[in-house]
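Participant: Chain by chain, the residues:
2 protein chains.
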Amino acid sequence: MERLPGFRDFYPEPLPHPDVWSTDARQFIFDQWRTVAKRYGFREYDGPPLEPLDLFTTKSGEEIVGQLYNFKDKGDREISLRPEMTPTLARMVAAHERNYKKPIKWFAIPQLFRYERQQKGRLREHFQFNADLIGETDPAADAELIALLIDTLRGFGLTDADFVIRLSSRNAWQDFFKHGGGDSAHEYEFFQIIDKLERTPAEETEKKLSALGFSLAQVTQFIEAGRPTAELESILQNLAARGLKDFVKVDYQVIRGLAYYTGVVFEAFDRKGEFRAIAGGGRYNNLVKLISGGKVDLAALGFGMGDVVLLELLKARGLLPKFDSPMDVFVLIEDETLRPISLRLVHDLRGAGYAVEYPLTPAKPDKQFKRAQELKVAFTARLENDAYVRIRNSKTRDEIVTGLSGAANHLG
Amino acid sequence: MERLPGFRDFYPEPLPHPDVWSTDARQFIFDQWRTVAKRYGFREYDGPPLEPLDLFTTKSGEEIVGQLYNFKDKGDREISLRPEMTPTLARMVAAHERNYKKPIKWFAIPQLFRYERQQKGRLREHFQFNADLIGETDPAADAELIALLIDTLRGFGLTDADFVIRLSSRNAWQDFFKHGGGDSAHEYEFFQIIDKLERTPAEETEKKLSALGFSLAQVTQFIEAGRPTAELESILQNLAARGLKDFVKVDYQVIRGLAYYTGVVFEAFDRKGEFRAIAGGGRYNNLVKLISGGKVDLAALGFGMGDVVLLELLKARGLLPKFDSPMDVFVLIEDETLRPISLRLVHDLRGAGYAVEYPLTPAKPDKQFKRAQELKVAFTARLENDAYVRIRNSKTRDEIVTGLSGAANHLG
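Residue numbers (the working numbering), protein chains in the order written: chain S, 4 to 415; chain W, 4 to 415.
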């Protein structure tokens with residue numbers, strides 16, 4: 004029996020097959036995400052992986068349904084696996100924001116699902132680190148969030164030679180569009196042309212732009228000038244004060260595809276341009292109001308960082324640690340009459356916090372020793388008799404004989 | 004907009020409403036599960052939350068479909084959210100067992116889903132700690148797994164006054180049934196009568212039993228005698244050697260509902276009998292063979308422990324810690340000209356591993372101080388000028404003035 008296409012099985016290392024994923028690497032990434040988020044004062048939340056379908060269509064329009072894992076449940080409800088976390092966050096914040104001091108700084112690590120019928124072979128789920136800051140309009144909030152993004156990537160050992168945050172603003176593009184005589188009814192259409200600039204032939208872009216009263220030369224000039232708005236200037240200064248100047252640059256080519264961004268937008272890219280964006284985000288000051296039906300109005304911004312591109316990047320840069328079996332001690336049982344006391348030793352050492360393995364059933368001494376070596380244990384322990392144990396340091400080969408109750412003291 | 008019935012929102016503590024759940028408590032429980040599993044040498048795996056429907060019907064028959072979150076995807080596949088983890092584990096083990104030394108000791112913390120139409124108000128998802136041991140028939144494997152179950156609960160501070168493992172065996176019941184002249188075609192029917200014994204009126208049980216050629220008196224006598232089989236005796240001795248004798252008792256009333264158990268079965272109960280079973284499991288020696296279509300034949304056993312009953316029990320016993328905001332330092336910014344250098348200090352302290360908060364925008368000193376108190380920070384830090392910082396220990400009220408670069412050394 005096979006798993007569904009686009010889904011992943013996660014195995015312990017070493018991996019048995021190139022087609023499966025590593026639980027150890029996943030946990031390494033999740034731990035790092037949590038660690039840095041907490042240093043920044045972000046608290047963890049989570050919501051259901053299933054939500055009412057209209058939570059997603061309210062935000063993104065009916066056209067998103069083609070990309071959703073949506074269905075009707077046995078109670079005749081239209082529901083969907085979550086394709087992103089922001090609508091759930093907006094729903095949760097709107098429900099209980101009064102109980103939390105502003106700004107609210109929250110993060111989550113949801114598994115997200117998309118069903119795109121045409122793209123066979125592509126993943127239909129991934130995990131995403133989501134960090135959001137809610138209830139603050141000042142660019143200081145944008146700087147705090149971008150600093151978190153930078154430090155999260157730095158935490159993995161990536162440097163400013165590996166990645167850069169391309170910083171942009173829909174406000175800057177709005178001004179450009181307005182001053183160039185654009186019709187506000189076509190503003191989002193214009194944004195989408197910019198979003199696809201890098202992937203579209205110049206001729207086609209020129210045609211589309213001219214339909215809206217603009218030229219490619221105008222647009223290119225605006226991007227190349229890259230003159231920061233006041234908000235971007237403020238963010239750049241804030242990040243420079245933290246010592247993070249070299250991790251960020253203004254790049255108006257970034258505008259983000261989603262309809263709901265309202266101000267600053269940004270993406271994290273690898274400098275070599277080998278991968279898709281590592282992370283992306285921006286301001287969505289109107290979304291909480293929209294989701295709450297007008298009841299709660301809070302400015303907000305956030306970013307998402309997926310596990311798949313990050314893992315590829317860390318592998319390519321040699322930054323993924325080797326995940327050996329994490330055992331500390333192997334208790335050898337060569338004399339079966341000593342098994343009960345050996346079991347007690349195993350239990351006591353585990354109780355003292357050590358990861359301990361032993362032969363579950365009688366086995367030849369050389370087979371036991373080989374297994375201990377495979378597990379790369381730091382120590383082996385073997386009962387001398389019913390009162391003393393011989394402990395051997397696998398690296399130094401030093402041995403010591405100690406009373407049973409004192410064994411844990413010799414596993415420094 | 005509301006979340007779906009039966010699903011949970013997880014918020015940071017303190018909780019805003021009795022109707023929502025705590026991410027902090029959830030993480031506390033997950034961390035403890037992982038910690039103890041690793042001490043026992045169990046490695047983490049995970050599979051997709053969605054699987055082909057027939058993975059579950061192969062194992063449990065078509066009648067399980069009524070309890071599943073199942074649907075047809077856009078590629079016309081019959082699929083289902085996972086109601087349990089064991090079929091996925093069996094699938095994954097069967098696919099790559101050759102790459103792993105036996106016995107395989109694996110754990111997972113999946114979110115599981117059940118759609119039971121009639122039970123409104125009940126949860127339709129929960130998280131479950133699953134630990135399984137595969138490739139060993141000896142009762143030593145059963146003892147190792149049950150020891151893990153006991154130590155997991157002990158790790159939360161629960162003692163033998165709080166819970167007990169009720170140990171039983173389908174082999175014992177099989178013998179009873181066979182020697183009593185039972186027809187093997189009705190064996191599983193008989194098991195289900197035993198499983199429902201505690202919840203069924205005696206008269207009804209008597210009637211059902213007599214149809215199979217048994218009496219309630221016979222059954223009651225067998226349970227009350229509670230004579231351990233050789234396998235159970237071996238497990239009891241093994242656990243006694245570890246010092247865990249008082250955490251386990253033979254109780255043939257336990258037989259477990261699922262069809263696929265083949266030998267030892269067990270459940271963890273609170274001694275006061277206030278809650279549903281805390282955990283349950285047993286041997287399923289035929290399942291890997293069944294799921295793999297006969298290709299791989301491995302003995303196996305495992306248990307599952309849900310987060311919901313465990314959380315209720317820990318709350319009732321006062322064993323859930325208080326989850327304060329986990330901030331170490333609040334950097335006060337009273338002089339806005341010092342904001343850039345303060346940001347640098349914030350950044351350096353976070354880089355040194357501390358959880359640091361600060362006023363995102365200009366705020367009155369007393370408001371900042373109040374916020375620092377609310378966050379229960381261990382230290383406050385305030386720049387004296389552009390080179391020196393005053394650090395205050397919130398508890399002792401000791402203050403020290405130090406150069407900026409040495410600040411982290413004073414946060415012991």
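Honestly, I wouldn't trust all of these hints.
Straight-line alpha carbon distances no greater than 30 Å define the calculated DSSO-like cross-link-like pairs of lysine-lysine that follow [said to hold, decoys possible]: (1) S:252 to S:325; (2) W:75 to S:77; (3) S:325 to W:248; (4) S:105 to W:41; (5) W:41 to S:373; (6) S:292 to S:75; (7) S:398 to W:318; (8) W:248 to W:318.
Which residues of chain W face chain S? A partial, calculated answer using Cβ under 7 Å [stated by the list, open to error]: (9) 44; (10) 53; (11) 56; (12) 62; (13) 139; (14) 186; (15) 188; (16) 191; (17) 215; (18) 219; (19) 340; (20) 341; (21) 358; (22) 367.
None of these hints come from the bench; they were simulated from the model. Where is the CB? At the ideal position from N, CA and C, for every residue including glycine.
Participant: Each hint needs a verdict: does it hold in this structure or not?
Facilitator: Status of each hint after checking the structure:
1. S:252 to S:325: Not satisfied, since the Cα-Cα distance of roughly 33 Å exceeds 30 Å.
2. W:75 to S:77: Holds, because 12 Å separates the two Cα atoms, which is no more than 30 Å.
3. S:325 to W:248: Status violated; Cα separation ~39 Å.
4. S:105 to W:41: violated, 39 Å
5. W:41 to S:373: holds, 21 Å
6. S:292 to S:75: Measuring from Cα to Cα gives roughly 27 Å; hence the hint holds.
7. S:398 to W:318: The hint is violated at about 45 Å.
8. W:248 to W:318: Holds - the C-alpha atoms of residue 318 of chain W and residue 248 of chain W are around 26 Å apart, at most 30 Å.
9. 44: This interface hint holds because 4 Å falls under the 7 Å limit.
10. 53: It holds, given that the least Cβ distance between residue 53 of chain W and chain S is near 6 Å, below 7 Å.
11. 56: violated, 10 Å
12. 62: violated, 10 Å
13. 139: holds, 6 Å
14. 186: violated, 33 Å
15. 188: This interface hint is violated because 28 Å lies over the 7 Å limit.
16. 191: At 24 Å from the nearest chain S Cβ, residue 191 of chain W fails the 7 Å test, so the hint is violated.
17. 215: Where the cut-off is 7 Å and the nearest Cβ of chain S is about 34 Å from residue 215 of chain W, the hint is violated.
18. 219: violated, 38 Å
19. 340: violated, 12 Å
20. 341: Hint on residue 341 of chain W: violated, closest Cβ of chain S at ~11 Å, above 7 Å.
21. 358: Nearest chain S Cβ about 5 Å off; hint holds.
22. 367: violated, 15 Å
Comparing the model with each numbered hint stated earlier shows that hints 1, 3, 4, 7, 11, 12, 14, 15, 16, 17, 18, 19, 20 and 22 do not hold.
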